[in-house]
Amino acid sequence: MQNHYHEFTSRDFVLDEAFRQWVFQPNEQNMTFWHTFMLNNPAQQITIDEAASLLLHLRANYDDLTYASQQRIWQVLEQAVSAQPAPAEVRPLPVYRRPGFFWRMAASLTGLLLLAGASAWYVQQAHQQKIHTTFGENRTVTLPDGSTVLLNGNSTLSFRDDWDQQQDREVWLDGEGYFKVAKKHRAGRSSASPIKFITHTPALDITVLGTQFNVNTRRGATAVMLVEGRVQLNKPGQTRPDRIVEMKPGQFASAQPDIEKVAIRTEKSQLYTSWTQHEFVFENTALSDITQQLRDTYGINVMLEDAELGNRRFTGNLSNQSTETLLTTLALTFDLDVQHDGDRIILQHNP
Amino acid sequence: MDSLLNYQKASDTQIWDDFLLGSKDAYSFMYTKYAPVLYNYGYKIAQDRQLTEDCLQDLFLTILETRERLGHTDSIKFYLMRSLRREIVRKLTSGPRLTGRHMEQHRLADGHDIDFRVEFQYEPTWLDSQISKERSEAILHELNRLPARQKEALFLKFFDNLSYDEIAGIMGIETTSAYKVIYKAIAALQKRMPADLLALLVIISQ
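If you're matching them up, the sequences are chains A and B in order.
Just so it is clear: in the first sequence, position 240 is 240 by the numbering used here, and no numbers are missing.
Just so it is clear: in the second sequence, position 93 is 93 by the numbering used here, and no numbers are missing.
Wrong hints could be hidden among the right ones.
[To be verified] Listed below are the simulated EDC-like cross-link pairs for lysine to aspartate or glutamate, each with C-alpha atoms no more than 20 Å apart in a straight line:
| id | chain 1 | residue 1 | chain 2 | residue 2 |
| --- | --- | --- | --- | --- |
| 1 | B | K33 | A | D63 |
| 2 | A | K180 | A | E170 |
| 3 | B | K77 | A | D205 |
It should be emphasised that the hints constitute simulated quantities derived from the structure, not laboratory data.
Between the sequences and the hints, there should be enough to build the whole structure, so can you do that?
Here is the structure:
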């Protein structure tokens, strides 16, 4: 190995790639090389010490992107990804995209957008509402038409607050919400036609007139539990009448963003709406699904000791929605030990 | 998630090209891998959680929506860090955010000042016994009071392991300047090393 290491100053060592490797990622090979070098060049010992010491002080504090933020941004991006292949459609953009973004995109796209046009974006922006709940928080949102949405923890509902009496009502959901939609008819017309209420999610658009249903969009998939009334489902961008799926009360529908198929089956609605009554209701539910729910809604990171544990099934009804009680109940049922490790909770078999 | 694992061993060029061709997996992989790294860097400039997250989100939305017009790259990290920095600086300098908390500012090519808040730390390792507490504190003290520009370059070089070319590209300076900034920082540190050590150095080198 040709080098001038015997002439190096500590500064040279600090800037030397091989030297840095030895300090930060010592392995047998570079250890051997550098220790041999020091034996042969005792005069360089102090220089090397100084350089190594300097390098070790160049570690930096780590500013953490929180898991919740990383997930929240990803959900926005995922929505944008699923919106990509669809042909250009004129519909209000989700509010997630912030003013700065509008500006830049608007300006860079064409340069044709006149100032008047740009300020129109701003006016529209001013009417955008975005309600976000933190982990474990439930909140009822009343929409401009009197309909309500009960938001589960870690969920976001976006809508414009200037609905008129003529246009379809539109909201965007990220997370989980229980919708109670009021029937509305177009004003000022003799043959009062009903006004649609459309819930947009990455994998499904849910169109109703007046009804109650639960929507869950965790991890990209959209699940709808219809409690009463009727709803129509279509994949975003899909408007062909023969592709619209109708749901009846007691039915459960699920869809993935990239898959055309919408799966429908009959389910007990209580399993999907118990959270609105502050209850946990599980019926033959996999432990892995329960821990996933805890992560999505409460931000509680529950790890299972082994994969087999995730397949165990739990049936139970806890009237008080306390995650602590749920974990204790799970531990007792499956003979597990609950370990707290920083912000993680580990469920493991009792010895 | 299996497809994400496939990218672990792929080259940056390949991941980036897949993304340009519309692969959601490649996009998702880039986000998962680089979002924390980018945030860690961006926050040190923006010093504002919301602003950093906004810029991060906008950056990924922008590359998604403009990918048909994007060129190739063989260093995704470099590409994203450079874009994120530009975005943050643009927001910082255009908005009313530029307030008193920007104490140690450095000049950008366009004349704006930005800060780089990093807290250098000592990482105890196998060399432990050779460094006294006093000496360690003295080094950190000197490091942490270097000008923002030097701190940023040191951070990019020694924490994020970027090349001089990449550092120059990110900071919007010439490659030779990047080298000089880092060289100068190290020289400044050496100059201010505790006297006992310097004395020792002099004796030994004679």
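Evaluation of the provided hints:
Between K33 (chain B) and D63 (chain A) the CA atoms are separated by roughly 15 Å; this keeps the pair inside 20 Å, and the hint holds. A hinted pair counts as satisfied when its Cα atoms are at most 20 Å apart, and K180 (chain A) with E170 (chain A) qualifies at roughly 14 Å. For the given pair, K77 (chain B) sits about 36 Å from D205 (chain A) by alpha-carbon distance, which is inconsistent with the 20 Å threshold.
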